[in-house]
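Could you put the whole structure together from the sequences, leaning on the hints where they help?
Protein chains: 2
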Amino acid sequence: MKIAVLGTGMVGRALADRFSTLGHDVVIGTRHVEETLARTEPDWLGNVPFAQWQQTHPAVRLVSFADAGPHGEVVVNATQGASSLAALEAVGSANLAGKVLLDAALPLDMSQGMPPLLSVVNTDSLGEQIQRAFPEARVVKSLNTMLADVMVDPGSIPGHHNVFLAGEDTGAKETVTVLLREFGWPQEAILDLGGIRAARATEMYSPLLFAVSAALETYDFNVAIARK
Amino acid sequence: MKIAVLGTGMVGRALADRFSTLGHDVVIGTRHVEETLARTEPDWLGNVPFAQWQQTHPAVRLVSFADAGPHGEVVVNATQGASSLAALEAVGSANLAGKVLLDAALPLDMSQGMPPLLSVVNTDSLGEQIQRAFPEARVVKSLNTMLADVMVDPGSIPGHHNVFLAGEDTGAKETVTVLLREFGWPQEAILDLGGIRAARATEMYSPLLFAVSAALETYDFNVAIARK
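For the protein sequence lines, the chains are Z and U, in the order given. Residue numbering for the first sequence follows my numbering, beginning at 1346 and increasing consecutively. Residue numbering for the second sequence follows my numbering, beginning at 1346 and increasing consecutively.
Do not rely on the hints blindly, as some may be mistaken.
Identical copies carry no separate label here, and so any pair may be met within one copy or between two of them.
[Stated by the list, open to error] With a cut-off of at most 16 Å between alpha-carbon atoms, the simulated EDC-like pairs for lysine to aspartate or glutamate come out as follows: (1) LYS1573 / ASP1370; (2) LYS1347 / GLU1527; (3) LYS1347 / ASP1362; (4) LYS1573 / ASP1498; (5) LYS1573 / ASP1494.
Quick caveat, the hints were computed from the structure, so don't treat them as lab data.
In structure tokens, the structure reads:
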């Protein structure tokens, strides 16, 4: 499948790498290709410069957001939440129309330091904003409740744990489910929460994600729903 | 131990019943004792009128908020979040000074119907509001991430699942931990998230609680943190 991953950070790299390893035809989209390749310092999270990452992932091509749009049969939003709408605008609404748009981003507001606040919350969500801004895209909010390593390798956390789906389009959720299964998510771990409004629920879980990670001093965990 | 449970709803009844069964000396506080006893209809959640519940729980005495304060060595806030500060004001700050105040409430805003919104969120929380309003109370936010039946009978959900603590006072969290252990919570299930700010994290989990319950059509579940 032709997949366009938007965002060159930790999440975008992890998803692009995994999709590519699974045999998909993957591009990573960025705002300015030359600027992204010119960086020589690790980012604030300690990730190596993209050009260095690119050397070990030659199958993943770096392209502009505008060029990512036509490539992707599925478009994955792995940009920072604060710049997601601008990134998708650069991809172009015509390039998103009718396509599955997997939104894995969190609307984190780091302006007050850690733990982050949310820039949209309670009465709205980033997932809903994206669906409203691109009404012809088939938005599925998913994967935004865990760190990148867990997204693409759920088996790294033993036992039962969950990944959530929210979106209006049943077929789009089926496509995302197929991709999640390829990542290794068992069918029973994939919990469909209904329409895109449920993006609020999974985005608003993120303060608990950060609080638990601070308490456990690790991000090697995931949320699970334990049932009777 | 002398325990004052504030709130005559589902959570207050479940906690009072369980504490009483465990041998504690329990009162339930309400705004107007006569009004509470005069009700003859089930509440909007289908709970039987309090007077009827009282007949099967004679050891639990119904008192005014003002009378609940002096009784409680531990005070439990099981009121609706929208009226929690008023209820605690009626208990009186002098009656809360130095005491463990277990806050199990959620600041739900039902004005838009289901699922509820939160009336305080993101940059503040009900737990923090209570601690600020009653600085001499030793506030511990806990139990607010599950339905009442699970709070008092964690063994009803098989396997590993969690209950969280947030609060500034280590001794108060130890007291709450003792009570949770009496309810049947294993030590390893009790996850201390640090100071009272983490009340935001557990209160903001509630949209996911409601979304999961809508998807599964049950409240018989709890959140678990699955670890490596």
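Which hints from the list above does the structure break, by number from lowest to highest?
Result: hint 1 breaks, nothing else.
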